[in-house]
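Those sequence lines, one after another, are chains Y and A. Under the working numbering, think of the first position of the first sequence as 384, with each following residue one higher. Under the working numbering, think of the first position of the second sequence as 89, with each following residue one higher.
Possibly wrong hints are sitting among the right ones.
Unchecked claim - Heads up, simulated EDC-like pairs for lysine to aspartate or glutamate below, C-alpha to C-alpha not over 20 angstroms straight-line:
| id | chain 1 | residue 1 | chain 2 | residue 2 |
| --- | --- | --- | --- | --- |
| 1 | A | K130 | A | E173 |
| 2 | Y | K437 | A | E173 |
| 3 | Y | K473 | A | E189 |
| 4 | Y | K436 | A | E189 |
| 5 | A | K166 | A | D151 |
| 6 | Y | K473 | A | E147 |
| 7 | A | K166 | A | E147 |
| 8 | A | K130 | Y | E388 |
| 9 | Y | K436 | Y | E398 |
What the hints assert, rightly or not - Derived, one-sided and incomplete: chain Y residues facing chain A with beta-carbon distance under 8 angstroms:
| id | residue |
| --- | --- |
| 10 | G424 |
| 11 | M431 |
| 12 | E485 |
| 13 | G486 |
Hints were generated in silico from the structure; no laboratory data involved. Here the structure is a predicted model, which is why all the values come from computation and not from measurement. Glycine included, every Cβ here is placed at the ideal spot set by N, Cα and C.
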Amino acid sequence: KNEVEQSPQNLTAQEGEFITINCSYSVGISALHWLQQHPGGGIVSLFMLSSGKKKHGRLIATINIQEKHSSLHITASHPRDSAVYICAVKLGGSGSRLTFGEGTQLTVNP
Amino acid sequence: EPEVTQTPSHQVTQMGQEVILRCVPISNHLYFYWYRQILGQKVEFLVSFYNNEISEKSEIFDDQFSVERPDGSNFTLKIRSTKLEDSAMYFCAIRTSESYEQYFGPGTRLTVT
Chain Y
384 KNEVEQSPQN LTAQEGEFIT INCSYSVGIS ALHWLQQHPG GGIVSLFMLS
434 SGKKKHGRLI ATINIQEKHS SLHITASHPR DSAVYICAVK LGGSGSRLTF
484 GEGTQLTVNP
Chain A
89 EPEVTQTPSH QVTQMGQEVI LRCVPISNHL YFYWYRQILG QKVEFLVSFY
139 NNEISEKSEI FDDQFSVERP DGSNFTLKIR STKLEDSAMY FCAIRTSESY
189 EQYFGPGTRL TVT
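Input sequences plus hints: build the corresponding full structure.
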């Protein structure tokens with residue numbers, strides 16, 4: 384079983400729709416990252432959070448430590464949001480490596 | 089956001105050849121990481137490097153791999169004798185001691201033929 388599970392694997396939306404991508408993890412963590420991977424392969428850090436909620440523009444990330452679950456929301460989606468969104472966790476304990484989910488391929492159609 | 093550059097952006101090499109991938113942080117960060125992503129698969133951790141030594145490595149990081157920071161600036165990943173299965177995108181990441189947030193370079197696409 385993967386330590387980090389994302390859903391859905393693929394998501395297609397119409398421009399303007401509200402998007403939710405989910406991430407569940409099975410072990411204790413000290414931080415969770417949401418990353419965006421563009422078609423060319425580059426990875427951009429969107430959020431790092433360990434509790435509560437963070438907002439940046441049209442992006443909102445939440446985390447529930449007790450339920451071991453995080454969500455990434457995109458409001459008023461746009462075709463330029465099309466990318467792979469990756470959840471990655473820093474496991475609790477020593478070490479700072481990230482453990483990654485499989486990613487969610489988001490396609491926003493005009 | 090701190091800038092990280094990686095060179096080359098794409099490297100094609102023959103099986104058995106040595107390759108060196110380079111990571112150059114624009115600002116003075118202390119923690120360095122190498123990750124790889126085989127085409128169609130998830131990103132995997134290879135190694136972390138702090139204070140001029142390896143602090144953590146994965147089972148993937150065997151004797152064929154090595155890392156160093158030869159001039160106090162560049163951070164390099166060397167693969168001694170490449171195999172076909174080393175073909176992947178290799179990402180460098182950096183962070184400071186103040187935060188666990190990691191910032192990724194644009195990646196080097198390695199193709200082993």
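Results for each hint:
1. For the suggested pair K130 of chain A and E173 of chain A, the alpha carbons sit about 15 angstroms apart, so the restraint of at most 20 angstroms is met.
2. Proximity of K437 of chain Y to E173 of chain A is assessed by CA-CA distance (about 39 angstroms); at most 20 angstroms being required, the pair is judged violated.
3. Between K473 of chain Y and E189 of chain A the CA atoms are separated by roughly 10 angstroms; this keeps the pair inside 20 angstroms, and the hint holds.
4. With a C-alpha separation of about 16 angstroms, the suggested pairing of K436 of chain Y with E189 of chain A holds against the 20 angstroms cut-off.
5. Among the hinted pairs, K166 of chain A with D151 of chain A is consistent with the structure: their alpha-carbon atoms are about 10 angstroms apart, no more than 20 angstroms.
6. With a CA separation close to 17 angstroms, the supplied pair K473 of chain Y and E147 of chain A stays within the 20 angstroms bound.
7. Between K166 of chain A and E147 of chain A the alpha-carbon distance is near 16 angstroms, which keeps this suggested pair within the 20 angstroms criterion.
8. In summary, the hint linking K130 of chain A to E388 of chain Y is supported, as the alpha carbons are separated by about 11 angstroms, within the 20 angstroms threshold.
9. Simply put, K436 of chain Y and E398 of chain Y have alpha-carbon atoms about 24 angstroms apart, too far for the 20 angstroms limit, and the pair is violated.
10. For G424 of chain Y, the interface hint holds, the least distance from its beta-carbon to any beta-carbon of chain A being 5 angstroms, beneath 8 angstroms.
11. With 8 angstroms as the threshold, the beta carbon of M431 of chain Y comes within range of chain A, its nearest partner Cβ sitting at about 4 angstroms, so the hint holds.
12. The beta carbon of E485 of chain Y is positioned within 8 angstroms of a beta carbon in chain A (closest approach about 5 angstroms), and the interface hint is therefore held.
13. This hint holds: G486 of chain Y has a C-beta 6 angstroms from the nearest C-beta of chain A, less than the 8 angstroms allowed.
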